[in-house]
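Student: As they're listed, the protein sequences go chains A and B.
Using our numbering, you'd call the opening residue of the first sequence number 1 and step up by one each time.
Using our numbering, you'd call the opening residue of the second sequence number 1 and step up by one each time.
Worth double-checking, as some hints may not be accurate.
The calculated BS3-like cross-link candidates involving lysine-lysine, where the alpha carbons are at most 27 angstroms apart (straight line), are [stated by the list, open to error]:
1. B/K152 - A/K19
2. B/K131 - B/K110
3. A/K149 - B/K110
4. A/K295 - A/K462
5. A/K19 - B/K131
6. A/K295 - B/K222
7. B/K127 - A/K295
8. B/K108 - B/K127
To spell it out: a stretch of chain B is covered by chain A in this simulated footprint if at least three of its residues, at any positions, have a beta carbon under 8 angstroms from a beta carbon of chain A; those stretches are [to be verified]:
9. 76 to 86
10. 164 to 176
11. 272 to 278
By construction, these hints were calculated from the structure, which means they are not laboratory data.
Here a beta-carbon is modelled for each residue, glycine too, at the ideal position from N, C-alpha and C.
Given next are the chains, with one letter for each unit.
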Amino acid sequence: MSQVLILLRKSLLSFWRSKAAVFITFLVPIVLIYLFGHVFGLYRSGSGPAGIPIAVVNLSREPAAQNFVDALKAEKAFALITTVDLGKGATRPLTEADVRSDLHDNRYRYALILPADLIPENSLGVHLKFLFNPRNEIESQTVNGLLQKTIFSNVPQLLGQSLQRNAHRFLGDERFEHFNRTIANTVADNFGGDREEIYQRNIAGDFGFANLQGSNRGKADGQNSAASSLAGSRESATGDQKPADVFSRIINLESEQVAGKELKNPMAARLVGGYAIMFLLFAVSGSATTLFEEKNSGVFQRLMSCPVRPAHILWARFLFGVILGLVQITALFCAGRVFFGLDIFGHAGALLAVSLAAAAACSAFGMLIAAIAPSAAAANGMATFVVISMSAVGGAWFPVSFMPDYIQRISKLTLVYWSVEGFADVLWAGRSMIEVLPKVGILAGIAAGVMLVAVWRFNRGKLFD
Amino acid sequence: MLSLRNVTKRFGSITALDNASLDIAPGEFFGLLGPNGAGKSTLMSLVAGLRGADSGTIEFGGQPVAGGTGGYRQNLGLVPQTIALFLELTAEENLRIFGELQGLRGLKLKAALDDAFAAAQLEDRRKSLVKTFSGGMLRRLNLVAALLHRPKLLLCDEPTVGVDPQSRNAIFEHLQQLNRSGVTIIYSTHYMEEAERLCSRIGVIDHGRILALGSLDELLTKLPFEDEITFPANSGTAQLAAQLAGSGEITAIDGTHRFRPRAGYPLSAFFTLTEALGLPPRLFISQRPTLEALFLHLTGRKLRDA
């Protein structure tokens with residue numbers, strides 16, 4: 001054991017003396033976490049996309065169409081473009097030809113046309129044209145979803161008008177009036193309000209009841225009440241509901257955040273945990289490849305001529321990886337604390353257990369790379385490929401739930417997945433030491449299994465020849 | 001002290017050491033002379049116990065060395081061919097680590113470090129990072145790192161490669177002093193001058209085979225001539241060169257004739273001939289043949305060309 005400790009001390013000293021290694025191990029990931037924090041908007045008060053340029057051409061004369069444009073302007077995700085600059089401060093409204101040309105020229109990637117027949121006479125629903133340049137599929141889908149949300153959440157009268165027109169067409173004048181009078185009377189009788197006013201609003205397609213007495217606001221203490229439109233759920237941070245949103249009453253989806261409520265910055269837990277593991281893998285893989293350098297420099301010859309066995313060298317290197325990993329993870333979580341307010345001290349014991357197990361698994365992985373690779377250069381190349389793949393698949397960059405089913409199944413085979421999940425359990429869900437033990441056990445199992453394979457490979461390989 | 005019997009080591013299809021047998025007595029300064037790739041480092045690594053032989057036995061004090069980690073290795077010091085040091089650490093940190101690995105602690109370790117730095121003439125560079133050292137300083141530190149635990153057997157695998165003459169002399173003197181103090185040394189080199197200067201006994205090795213074994217004098221008796229005579233190659237000596245052709249080996253190199261008389265050829269006959277041709281004695285230089293000549297004789301190749 002003393003030989004292992006002497007060699008371990010040597011590795012720690014060598015590491016500390018190598019300013020480049022220290023810089024790459026600690027400063028680079030901290031700087032990157034800081035930068036990616038900005039990239040993912042972790043420093044903003046809200047989250048989600050912002051300022052996506054979208055051109056809007058409004059050819060409709062419906063008053064609700066302008067309401068819809070105004071609602072889009074109010075949506076922080078979008079930066080609306082509605083006019084063409086003619087110079088000297090003069091502008092004119094965009095046309096469909098303008099936006100088609102601009103989309104081709106990639107001046108912006110999305111355009112929404114509100115055609116003259118926004119509310120078609122012969123069919124139910126709203127007619128919109130969404131033009132896009134699909135340079136970014138994820139962004140396209142996000143924009144599409146946000147548009148639908150805006151329609152259903154903010155301008156339901158568009159749909160109301162469509163419903164009314166179709167009803168008018170099917171029922172005829174007399175029965176249509178009778179139908180709306182009946183509805184208005186029923187609403188007034190049950191919820192209060194002026195019968196004529198309700199009737200006129202029904203005719204206009206505005207089914208909002210917010211100004212009526214007894215409206216259900218659905219807010220509970222400590223809970224965020226959200227209402228879902230037909231198109232999907234809408235979450236309200238404050239519990240307030242838009243007055244005109246009748247569709248939110250049709251499906252009343254009450255949602256409650258049960259974990260991570262107290263987190264200042266929920267996404268930071270994943271970002272820091274994921275990047276910590278990825279950089280730890282790079283660090284221990286790099287340190288394991290120094291085995292080749294020591295072999296080539298003749299240091300192994302000298303060590304082996306002392307009372308030192310290969311096992312001493314390997315275990316010292318493994319322990320060095322564990323200690324390096326633990327220190328690196330601690331440093332990165334401390335940075336996470338400073339940058340994003342991560343609560344690392346409230347769950348220090350559980351966090352230490354997950355970190356230790358993750359560091360052991362990463363260190364064993366580094367040993368395996370050194371055991372399999374025929375040279376330092378091959379080990380570096382192999383490590384880069386495997387670390388990046390494993391980080392992507394394992395959820396270090398973004399949640400595995402975004403990935404296809406088969407990738408999600410594969411991700412469970414990676415130590416990155418279990419490490420990131422372990423960190424999330426502690427930092428996001430606030431789980432206790434006992435509760436994270438299964439994931440700690442899996443990581444420890446991975447460490448033991450990988451290390452066994454590595455030692456087996458070392459014994460069959462030529463590193464100590 | 002050390003005994004190799006019919007030792008063979010192969011790497012794939014290459015036989016690095018072929019049926020080598022060797023005995024080295026305590027206190028001996030044994031040289032292993034051969035060109036690069038001759039099998040010197042393989043023999044050293046087998047003696048150090050770093051590898052096992054495919055066949056044959058290697059014993060130290062009657063005990064097999066292969067797989068031994070305890071007693072044998074505490075009696076063994078290895079100076080690898082390369083600079084086997086941790087370049088990011090200071091000289092003292094390096095020696096402390098190797099000393100501790102050899103089991104030295106406390107005052108013993110401190111005394112060993114002091115002695116080592118004095119021997120390497122690096123007292124004032126103890127706290128310097130090794131990566132800042134010159135080639136000669138690295139070689140000296142590389143040597144003393146193997147001596148901290150005062151080994152009985154020191155294996156030096158070409159320890160002066162790339163060293164300036166001053167550092168080389170310092171290393172030689174230190175090794176000779178060690179040897180005088182009773183340390184048995186096996187010194188591998190491809191420099192015949194080093195083997196001639198340092199070693200009491202020399203093994204000539206090539207292609208994994210030990211071709212000759214003995215003291216310098218014993219080895220040179222294997223040559224078919226005892227002396228080597230050189231003289232200028234010009235029109236005045238052309239007749240002499242022609243007449244010597246039947247009396248031994250005569251070659252012309254770089255404007256010089258080299259005459260190696262065959263066994264039994266009396267030097268008096270040579271000088272009688274030169275006198276008869278009217279050539280003055282100052283033209284002729286007679287010298288003892290070198291290991292280079294022996295290697296050429298044994299292998300048909302020059303040591304440095306091999």
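Student: Decide, hint by hint, whether the structure agrees.
Tutor: Structure-based check of all given hints:
1. Only pairs whose Cα atoms come within 27 angstroms are accepted, and B/K152 paired with A/K19 is rejected, the gap being roughly 40 angstroms.
2. The straight-line distance between the Cα atoms of B/K131 and B/K110 is roughly 23 angstroms, inside the 27 angstroms bound, and the hint therefore holds.
3. Between A/K149 and B/K110, the direct Cα distance comes to roughly 77 angstroms. Violation of the 27 angstroms bound is thereby established for this hinted pair.
4. With a CA separation close to 10 angstroms, the supplied pair A/K295 and A/K462 stays within the 27 angstroms bound.
5. Distance hint between A/K19 and B/K131 is fulfilled; the C-alpha atoms sit about 14 angstroms from each other, no more than 27 angstroms.
6. Between the alpha carbons of A/K295 and B/K222 the distance comes to roughly 40 angstroms, so the proposed pair goes past 27 angstroms and is violated.
7. The straight-line distance between the Cα atoms of B/K127 and A/K295 is roughly 25 angstroms, inside the 27 angstroms bound, and the hint therefore holds.
8. Of the supplied pair hints, the one linking B/K108 and B/K127 holds, its CA atoms being roughly 19 angstroms apart against a limit of 27 angstroms.
9. Using a Cβ-Cβ cut-off of 8 angstroms, 10 residues of the region 76 to 86 of chain B lie near chain A, which meets the minimum of three, so the contact claim holds.
10. For the region 164 to 176 of chain B, the assignment as covered by chain A is violated, since 0 residues bring a beta-carbon within under 8 angstroms of that chain's beta-carbons and 3 are needed.
11. Check on the region 272 to 278 of chain B: 0 of its residues sit with their Cβ under 8 angstroms from a Cβ of chain A, so the three-residue criterion for coverage is violated.
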